[in-house]
Amino acid sequence: MSGFLDILVQLFRQPSILVALIALVGLSLQKKGPSDMMKGTIKTFVGFLVLSAGASVVTDSLTPFGTMFTDVFHVQGVVPNNEAIVGPVLLEYGTTSALIFFFGMVLNVVFARLTRFKYIYLSGHVALYQSAMIAVILMVAGMSQWEAIFWGALAEALITTVSPAVVQPFMRKVTGNDDVALGHTGGFGIALSGWVARASRGNPEHSTEHINVPKSLGFVRDSTIVVMLSMGLIFLVVALIAGPTYVTENISDGQNYVIWALMSAGQFAAGVFIILAGVRVILAEIVPAFKGISERLVPNAKPALDVPITFTFAPNAVMIGFLSSLVAGLVGMAIMGVARTTIIIPGIVAHFMTGGASGVIGNAQGGRRGAILGAFANGLFITIVPLLLLGVLGDIGTANATFGDSDYGVIGLYLGYLGQFGGKWLIAAGIAVATVALFVISILMDRRSATSRSVANVESAGVSAGS
Amino acid sequence: MKFMAMCSSGLGSSFMVQMNIEKALKTIGAEGVEVDHADLGSVSPAEADMFFVGRDLENSVSAFNNVKILNSIIDQDELVDKVREACDELGIDHSA
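Those sequence lines, one after another, are chains A and B.
Anchor point for the first sequence: position 462 equals 462 in my numbering, and the numbering is continuous, going up by one each time.
Anchor point for the second sequence: position 84 equals 1084 in my numbering, and the numbering is continuous, going up by one each time.
None of these hints come from the bench; they were simulated from the model.
Glycine included, each C-beta is placed from N, C-alpha and C at the ideal position.
Keep in mind that a hint or two might mislead.
[Unchecked claim] Here are a few chain A residues that face chain B, going by a calculated C-beta distance under 8 Å:
no. : residue
1   : Ser-35
2   : Leu-122
3   : Val-180
4   : Gly-218
5   : Asp-222
6   : Pro-288
7   : Thr-312
[Stated by the list, open to error] Chain B is nowhere near these chain A residues, computed Cβ spacing over 10 Å in every case:
no. : residue
8   : Leu-21
9   : Lys-43
10  : Leu-107
11  : Ser-123
12  : Pro-169
13  : Gly-243
14  : Gly-254
15  : Gln-255
16  : Pro-299
17  : Ile-309
18  : Leu-373
19  : Leu-438
20  : Thr-451
Produce the complete structure using the sequences and hints provided.
This is how it looks when you write it as structure tokens:
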């Protein structure tokens, strides 16, 4: 019997098998036929192994880069790229991450059902990455695997419910309705953009869409190309500063330093490409099931979708927001260089995705000025956050890549700092308090909108009586 | 027949469009169409019979003849119209 149990434990320790089982649950909930169920389960199993393979490709390209960066600048250089970090994290914390992800989705539906925040977080990829980060922070703070899964799922559900809610007032300005929400780990940075744009008092009439933005910038849309170009530039600059002899003697085993830089950047882009393919396969069976169930269980559910849903509303604002956010990232990097801290190299993908959405949100709120200033604020935010986050990620924090969006910082630093001050039980208390707060805020907001509605009714009744 | 939704990383928004295309196909009563999603970088025009992208990506798919540009990727009514158009062009039977 104990032999059987042992095999069972061994099975569940394999995140690939666990994720395949979650997919199997998803497929049976969608009432798929046996052949579809088998296909989907096997694809998910292999998809996770594809992701693991990509993780080692990315790590292999980044390790020599980290060594070189430290030798040249005497500080650590970190690339915030969610795919590049989530691969290695899932190798180490895969089972915990997968279960936090799964139960986090379940609890997200529960919260949407019970509170006024009806946001169903459908961006499975970032939810998976965020679950992985939460797993790391809770395990580093000393939680056992089961404690981490329980509290982590609760924390994941909280942030995936709150983040769309924070952006929603600004999303309404963009989409003109209240039917869809933004579900992305850049949520808090994008909301910050909205607040800054509102404070800037820019005129929404002076829209970015009246400007002629060169079409040649369109290549930043293709994530493989933009990762290759940006990493190529970064590798090349650092290799040039390090000098040809340093590279050939210490890093590249005799290979020419320019060729080495190009090959390493290409390897990084290839690794990200592989991880993306793995993530795509993993989510293909899980997200539709989640969507179907939540639509049935939550009346008036609002799907919270990935950032590009905002891009069609103001394509120029996307470009302007990206550039403004990137400039903020470069400014932040310069400041870190002067301050001799670990250097956060601007992650182009993060600046494009969240900076672009910040531009659209800022533009709807405060026109060109709003788009530029809002996205700039987002850019600073996503430069500072990864730096602070490194301190709470344990060994993962000393890797050469990290999580790059604002929400990772909001939930990560909340949990991480609680852990540093009071250990795992203070984290648990912090999550419990936040959960209670969510319900209390929901009830208070319900009351306030009920009173304002009844006041409006009285007023309109008064008007009609007066006329 | 195969329809394909695309976005820059092929993870989030193209996946949503894929699910909405599947819904639209049901709405118009078309059958036998496989739907998938992908990123811009890894797909060639031959891999599907019709592609769907948001208008912000119009310039990235200039090599594609078989593509429908969506003014908004969250407008289901527009998507139903475009899916119906695609079915008509490709000779796929539909009942509505």
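Do the hints match the structure? See the list:
1. For Ser-35(A), the suggested interface contact is broken, since its CB lies about 14 Å from the closest CB of chain B, more than 8 Å.
2. Annotation: Leu-122(A) was flagged as interfacial toward chain B, and the flag holds, the nearest CB pair being 7 Å apart, inside 8 Å.
3. At about 5 Å, the closest approach between the beta carbon of Val-180(A) and any beta carbon in chain B falls short of 8 Å, and the interface hint on this residue holds.
4. Look at Gly-218(A): its Cβ gets to within about 4 Å of chain B, closer than 8 Å, so that hint holds up.
5. Residue-level restraint check for Asp-222(A) holds (minimum Cβ-Cβ distance to chain B is 5 Å; threshold 8 Å).
6. Satisfaction of the interface hint for Pro-288(A) is found here, the shortest Cβ-Cβ separation to chain B being roughly 6 Å, below the 8 Å cut-off.
7. The interface hint given for Thr-312(A) holds, since its Cβ lies 4 Å from the closest Cβ of chain B, which is under the 8 Å cut-off.
8. Its beta-carbon lying about 21 Å from the closest one in chain B, Leu-21(A) satisfies the requirement of being farther than 10 Å from that chain.
9. At roughly 12 Å from the closest C-beta of chain B, the C-beta of Lys-43(A) stays outside 10 Å, upholding its exclusion from the interface.
10. Consistency note on Leu-107(A): stated as away from chain B, and its beta-carbon is indeed over 10 Å from all of that chain's, at 21 Å minimum.
11. With a minimum CB-CB distance of about 5 Å to chain B, Ser-123(A) fails to clear the 10 Å threshold, and the non-interface call is violated.
12. No Cβ of chain B comes within 10 Å of the Cβ of Pro-169(A); the nearest lies about 18 Å off, and the non-interface call holds.
13. Residue-level check passed: Gly-243(A) sits 33 Å from the nearest beta carbon of chain B, beyond 10 Å.
14. With a least CB separation of 32 Å from chain B, Gly-254(A) remains clear of the 10 Å interface cut-off, as annotated.
15. For Gln-255(A), the non-interface assignment is confirmed: its Cβ lies about 26 Å from the closest Cβ of chain B, beyond the 10 Å cut-off.
16. Against chain B, the non-interface label of Pro-299(A) holds: every CB pair exceeds 10 Å, the least being about 18 Å.
17. A cut-off of 10 Å between C-beta atoms contradicts the statement that Ile-309(A) is not in contact with chain B; the least separation is 5 Å.
18. For Leu-373(A), the requirement that its beta carbon stay farther than 10 Å from each beta carbon of chain B is met, with the minimum near 22 Å.
19. For Leu-438(A), the non-interface assignment is confirmed: its Cβ lies about 24 Å from the closest Cβ of chain B, beyond the 10 Å cut-off.
20. No Cβ of chain B comes within 10 Å of the Cβ of Thr-451(A); the nearest lies about 32 Å off, and the non-interface call holds.
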